[in-house]
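From just these sequences and the hints, can you work out the full model?
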Amino acid sequence: MAAVALIVVSAVPPFRRSAEAQEPPGKAIYDRWCAGCHGEDGAGRGEAAAFMLPQPRDFTRAAYQIRTTASGELPTDADLHRVVDDGMPGTAMPGWRAKLNAQERDDVVAYIKTFSRFFEGAVPEPLAFAGAPGESAEGIEEGARIYRELECFKCHGDAGRGDGPSAPTLSDDWDHPIRAADLTRGWNFNGGADVKQIFARLRTGLDGTPMPSFSDAIDGGVITEEQLWRVAQYVRSLTPDRPPVREVIRAVRVESALPSRPEDTAWGEIEPVFIPLVGQIVIKPRWFAPRVDGLWVRAAHDGTSLALLVAWTDPSASPDSAWQEWLDRMAATMTDVDGALPAVQGPDRLHVQFPLRREEGMERPYFLGGDTRRPAYQWRWTTSPDAVAEGRATGLDAFAPAAATGVTHVAAHADGEWRVQFTRSLVPADSAAAPAFPLGEAMPIAFLAADGSDGEDGMRAAVSAWYAIYLDVPTPAGVYVIPVVAAMVTAGLGGLVVVQAQRRTNRT
Amino acid sequence: MRRTWLAMGIALTFACGGGGESAGGGGETPAASSQPAVAALGTGSISGVVMFEGAAPANPTIDMSEEPNCAARYSGAPADPVVMVTDGKLGNVFVRVTGGLPAGPYPAPASAPTIDQNGCLYHPRVVGVMAGQSLTILNSDSLLHNIKAVPTANRGFNVSQPRAGMTREQVFTEPEIMVPLECNVHGWMKAYVGVVAHPYFATSGENGAFTIGGLPPGTYQLEAWHESLGTKTAEVTIGPDGAGTVTFTYGAM
Chain A
1 MAAVALIVVS AVPPFRRSAE AQEPPGKAIY DRWCAGCHGE DGAGRGEAAA FMLPQPRDFT
61 RAAYQIRTTA SGELPTDADL HRVVDDGMPG TAMPGWRAKL NAQERDDVVA YIKTFSRFFE
121 GAVPEPLAFA GAPGESAEGI EEGARIYREL ECFKCHGDAG RGDGPSAPTL SDDWDHPIRA
181 ADLTRGWNFN GGADVKQIFA RLRTGLDGTP MPSFSDAIDG GVITEEQLWR VAQYVRSLTP
241 DRPPVREVIR AVRVESALPS RPEDTAWGEI EPVFIPLVGQ IVIKPRWFAP RVDGLWVRAA
301 HDGTSLALLV AWTDPSASPD SAWQEWLDRM AATMTDVDGA LPAVQGPDRL HVQFPLRREE
361 GMERPYFLGG DTRRPAYQWR WTTSPDAVAE GRATGLDAFA PAAATGVTHV AAHADGEWRV
421 QFTRSLVPAD SAAAPAFPLG EAMPIAFLAA DGSDGEDGMR AAVSAWYAIY LDVPTPAGVY
481 VIPVVAAMVT AGLGGLVVVQ AQRRTNRT
Chain B
1 MRRTWLAMGI ALTFACGGGG ESAGGGGETP AASSQPAVAA LGTGSISGVV MFEGAAPANP
61 TIDMSEEPNC AARYSGAPAD PVVMVTDGKL GNVFVRVTGG LPAGPYPAPA SAPTIDQNGC
121 LYHPRVVGVM AGQSLTILNS DSLLHNIKAV PTANRGFNVS QPRAGMTREQ VFTEPEIMVP
181 LECNVHGWMK AYVGVVAHPY FATSGENGAF TIGGLPPGTY QLEAWHESLG TKTAEVTIGP
241 DGAGTVTFTY GAM
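Protein chains in written order, with the working numbering: chain A, 1 to 508; chain B, 1 to 253.
Simulated from the structure, these hints should not be mistaken for lab results.
Check each hint, because a few of them may be wrong.
To be verified - Simulated restraints on C-beta separations:
(1) ALA137(A) x ALA77(B): 40 to 46 Å
(2) LYS232(B) x GLN22(A): 53 to 59 Å
(3) GLU325(A) x LYS232(B): 41 to 47 Å
(4) ALA58(B) x ALA28(A): 50 to 56 Å
(5) LYS232(B) x VAL344(A): 45 to 51 Å
Keep in mind it's a predicted model, so treat the numbers as computed, not measured.
Every residue gets a Cβ at the ideal spot worked out from N, C-alpha and C, and that includes glycine.
Laid out in structure tokens, this is it:
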């Protein structure tokens with residue numbers, strides 16, 4: 001046999017060329033576009049992997065999260081295509097539809113499969129799902145009940161913010177820490193936020209993660225398939241379609257008393273704005289995997305004081321002893337990012353920042369805490385101690401607290417969410433140390449947030465770009481009178497013209 | 001449920017393929033059996049004991065406060081039974097024949113050992129099956145467990161059992177030492193499944209003893225595996241009288 005093989009090989013003189021021809025067509029594309037994160041060997045440890053949470057997929061085990069097949073089964077080609085084509089929201093994986101053509105994406109899907117022998121000869125079959133029942137308020141309620149019965153809250157929390165008692169202990173199959181999904185942020189769902197997609201995740205589980213399949217509960221008669229659809233519909237009801245991002249936070253003028261606490265029901269009357277945050281990756285140590293990816297901001301004023309309510313998902317009020325093991329595992333995984341993570345949990349932090357001085361035109365301080373030329377005025381809140389410092393910043397690490405402070409705060413942590421209310425008079429006590437909040441003008445505002453249990457200390461934080469806050473001006477009475485007078489005058493003059501014209505017509 | 005009890009009964013009778021002693025993590029007396037489920041190669045057996053020398057390392061304490069129904073089953077905070085030493089004998093050691101056997105193949109028996117989630121711990125913690133043989137995974141707790149397998153040679157899976165009495169039949173097709181099982185709702189829950197190509201394996205009981213039966217006279221290589229103390233190898237000869245004995249000795253690391 002070996003002799004025959006030798007003859008065959010030697011009968012093909014351009015041996016080098018034939019070896020190249022055998023290279024799968026997806027390899028060149030993979031090596032160029034995918035290996036940076038997933039590694040040339042497909043094991044998920046590319047150069048950029050250390051910066052990422054969740055970590056890039058290790059293709060060698062062929063354990064894939066987003067499937068239409070049963071737990072433990074391989075994904076279909078269509079499943080793999082969905083992720084390659086459209087990406088995975090909430091992770092660093094982008095969609096490649098715009099970058100690679102259909103043939104290239106086919107090739108790369110085929111090549112990814114070569115990293116695992118499990119795909120050899122396999123023909124994965126998608127699970128057959130019953131159709132979704134119609135949505136109704138009662139259906140959502142039933143979904144909420146089954147969410148509790150199936151103990152989804154153990155990881156995802158009572159309000160769905162990923163703050164259940166088991167959340168700090170979660171690891172993926174590679175012993176990397178993994179966050180329980182925050183169900184109030186559908187735009188981050190790895191497999192998409194359509195009810196059908198959520199249902200598929202419940203049915204198939206997310207292999208490689210702690211999220212199990214619930215198909216056995218249907219097969220075993222514990223719940224019906226319709227009831228699992230109800231859970232999917234309930235989960236979908238916890239999140240808006242997309243976050244209401246606005247450039248301007250409107251501080252609503254209230255005639256009654258300003259809200260005094262985060263729990264004040266008056267806040268419910270004010271529409272929140274979503275301010276997206278990204279990892280601070282300018283100044284070392286940089287942070288590519290921030291816990292806080294956005295803030296819900298509401299504002300109100302009464303002509304004398306401004307009240308600002310900032311709310312964000314954070315499963316722990318740091319430091320929290322239950323989360324120490326989480327920090328230990330974060331430190332073990334995120335090893336190459338500009339130095340070691342702290343061994344001890346720091347406090348949770350929130351900075352609210354304004355320009356110290358009003359500038360002409362569009363000039364604003366540097367968004368990361370200003371600089372000596374254009375300082376920023378900041379409120380720096382921490383959990384431990386629960387205090388807010390007001391002062392002047394000339395950089396992220398250069399902060400001088402003001403002697404006299406005018407800002408007060410109330411912070412509350414519940415159901416995996418921080419809600420912090422700040423209140424300050426529109427006119428500062430010391431106009432050299434703090435800016436006034438002018439009515440009827442857009443005032444720049446920016447934010448920084450950090451989760452101490454996640455190892456986010458110092459420069460490791462999530463930051464926003466500059467946004468604006470606009471304090472409503474009370475509407476002057478003239479606004480209502482002048483249009484009415486103008487309309488009456490116009491009507492009167494018009495009537496006069498018509499009467500005159502009719503007289504002329506009658507005469508002829 | 002009837003299916004479950006039947007499966008458990010078979011599991012107890014069959015006791016780890018080759019008829020060794022099954023280690024009950026919770027202390028149930030193993031039912032030793034020398035009756036292999038498939039046609040045996042012979043009638044001899046290897047009797048062994050696993051010793052532990054020196055002071056046994058302290059097992060970590062489990063904080064079960066999150067799960068009051070499980071916590072109530074124990075007096076005080078339960079210990080995670082990583083290293084089970086009783087009177088100098090080590091339990092939960094998985095022993096298998098690694099050399100000296102005919103090439104096979106060995107058909108997998110129809111019976112299935114059971115691994116039970118009970119009191120928020122796995123019982124047994126270490127269990128063996130043949131490649132292709134079913135393993136019954138049972139939830140006896142009235143709460144949600146998920147069962148995640150993280151193998152390398154076999155396919156991993158992750159399924160939930162939100163009710164007491166739920167069972168799942170799981171087959172591992174490839175030999176693998178060991179397949180870790182874990183529960184992510186209760187991060188302390190760990191179990192290990194030894195998947196072997198033949199039926200000649202056993203797990204040491206609380207008394208450190210194990211028996212591998214159904215073997216003809218001859219010389220065999222054995223490997224012992226412990227989750228935290230590692231592996232040991234030994235050679236044992238079954239004489240014409242059909243008996244071979246072996247001792248593995250672990251010590252404080």
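Going down the list of hints, with the structure as the test:
| no. | hint | verdict |
| --- | --- | --- |
| 1 | ALA137(A) x ALA77(B): 40 to 46 Å | holds (44 Å) |
| 2 | LYS232(B) x GLN22(A): 53 to 59 Å | violated (45 Å) |
| 3 | GLU325(A) x LYS232(B): 41 to 47 Å | violated (31 Å) |
| 4 | ALA58(B) x ALA28(A): 50 to 56 Å | holds (55 Å) |
| 5 | LYS232(B) x VAL344(A): 45 to 51 Å | violated (40 Å) |
Checked against the numbered hints above, the structure violates hints 2, 3 and 5; every other hint is satisfied.
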